[in-house]
Amino acid sequence: MAQSLTHGEMTLPADWRDLFALTKPRVMSLVVFTALCGLLAAPVSVSPVLGFASILAIALGAGASGALNQWYEAGLDAKMKRTANRPLPAGRLDPQTALQFGVGLAAFSLFLMLFASNWQATLLLAASILFYVFVYTMWLKPRTPQNIVIGGAAGAFPPLIGWVAATGSVAPLPVLLFLLIFLWTPPHFWALALFVRSDYAAAGIPMMPVVAGERATRRQVLLYAIIMAGAAIAPWPLGYTGALYGWTSAILSALFVLLSLRVGTRQSAEGDLMLPEKRLFAFSIAYLFILFGAVVADRWVLA
Amino acid sequence: MTEEPTKPPFDEAEYRRRQRSRANLMAWLLGALAILFFLITIAKMQIFQ
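These protein sequences, in sequence, are chains G and Y.
Under the numbering used here, the first residue of the first sequence carries the number 1, and numbering increases by one thereafter.
Under the numbering used here, the first residue of the second sequence carries the number 1, and numbering increases by one thereafter.
Hints should not be assumed to be uniformly reliable.
[As the list claims (entries may be wrong)] Now the in silico label distances, taken between C-beta atoms and shown as ranges:
#1 Y:Phe37 / G:Arg266: 50 to 56 Å
#2 Y:Arg16 / G:Leu258: 53 to 59 Å
#3 Y:Ser21 / G:Ala216: 45 to 51 Å
FYI, nobody ran anything at the bench for these hints, they're computed from the structure.
Owing to the predicted nature of the structure, the values given are computational and were not obtained by experimental measurement.
We put the beta carbon where it would ideally sit given N, CA and C, even for glycine.
Please work from the sequences and hints to get the whole structure.
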C-alpha cells in the first residue's frame with residue numbers, strides 16, 4: 001500500500017482508520033440496509049453465505065465510490081466546515097493512496113460480486129460505481145443545481161442490485177424501490193443544503209439553495225416530497241406488497257409531506273436555527289430505514 | 001534571510017506502531033476473505049449438485 005504523510009526524511013504509512021473514513025461508513029450503512037432489503041424482499045431463497053457476500057460486495061462498491069469521491073473533491077472538502085476534517089483535506093492521507101485504495105476496492109467489489117452471485121448484478125454494481133464517480137462527482141455536481149436529482153440514481157441502485165443478486169433478473173418491485181430512493185434524494189439533500197448553504201456557497205458547489213435561492217428550493221422540496229409519497233405508496237395498490245407495507249408507507253409518507261410542507265411554506269430569518277429543515281433531514285433518514293424494513297417484514301412476516 | 005523550515009524529528013515508534021496495526025489488520029482481512037471464498041465455493045457446489 002502507498003505511503004502518506006511526510007515525517008522528516010521518512011514517510012508514515014496511512015492509518016487504517018483514515019482509509020476506513022474514506023469509505024463514508026455512515027452513507028454505507030444506508031446502502032447496506034437498502035441492498036439487504038432488496039435481497040430479502042426477492043421471492044427466492046438465497047444461501048446465507050452468497051447473500052452475505054453479495055451485500056459485502058455492494059458495501060465495498062459503495063465504499064470505493066465514497067473513496068473516489070473524496071479523492072476527487074479533496075480541494076472542495078477543504079473549503080467546507082462540515083468536510084474539512086476528512087483525511088485528505090486534513091492532510092492525514094495523500095491523494096495517491098486514496099486513489100489506489102478506491103480503484104482497488106472497486107475492482108475487488110466487482111470480482112467478489114461476480115464470484116458470489118451473477119454477471120447481471122456485477123454489471124449493475126459497476127454501473128452504479130461509474131455513475132457515482134464520473135456522472136455525479138465529476139460531471140454534474142460542480143456544474144448544475146440538478147446534481148442531486150440525477151445523481152440520486154447512484155444511491156438508488158443498492159436495492160435493485162440486491163434483488164438482481166438474488167434472482168438474476170429485474171422486476172417491478174425493485175424498480176419502484178429504486179424510484180423511491182431516487183425521488184427521496186432531492187428533499188433529503190436540499191433540507192441539508194438549506195441549513196449548510198454557506199458551506200456549499202464557500203466551496204462554489206451549485207447546490208439548489210445557492211443557485212436558485214431559498215424560496216425556490218423550499219418549493220422543490222415540497223414538490224418532490226409529494227411525488228415521492230406517491231411512489232412510496234404505489235407498490236401496495238399495484239399488488240407488489242401487502243397491507244403492512246401499505247399502511248406504514250401511507251402514514252410515514254403523510255408525515256414526510258407534512259414536515260416538507262412546513263419547510264416549503266416558510267422563509268428563514270436572520271439567526272434562524274433552521275429546526276424544521278433539520279427535523280425533515282433527520283426524519284428522512286428514519287423514513288427510508290423504516291420503509292425498507294416494512295418491505296421485508298411484509299414479505300417475511302405476512303407471507 | 002529566510003530560514004529553511006525545520007523538519008519534525010522522525011518518530012520511529014509511531015512508524016512501527018502504524019506498520020504493525022496495518023499488518024495486523026491485513027492479516028485478519030486476508031484470513032476472513034480466505035474463509036469467505038471457501039464458504040462461497042461450498043455454497044455454489046451445493047447449488048449445482
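Results of checking the hints against the structure:
With their beta carbons about 55 Å apart, phenylalanine 37 (chain Y) and arginine 266 (chain G) fall inside the hinted range of 50 to 56 Å. Look at arginine 16 (chain Y) against leucine 258 (chain G): about 57 Å separates their beta carbons, and that is inside 53 to 59 Å. For serine 21 (chain Y) and alanine 216 (chain G), the Cβ-Cβ distance of about 49 Å falls inside the hinted range of 45 to 51 Å, so the restraint holds.
The structure fails none of the hints (numbered hints given earlier).
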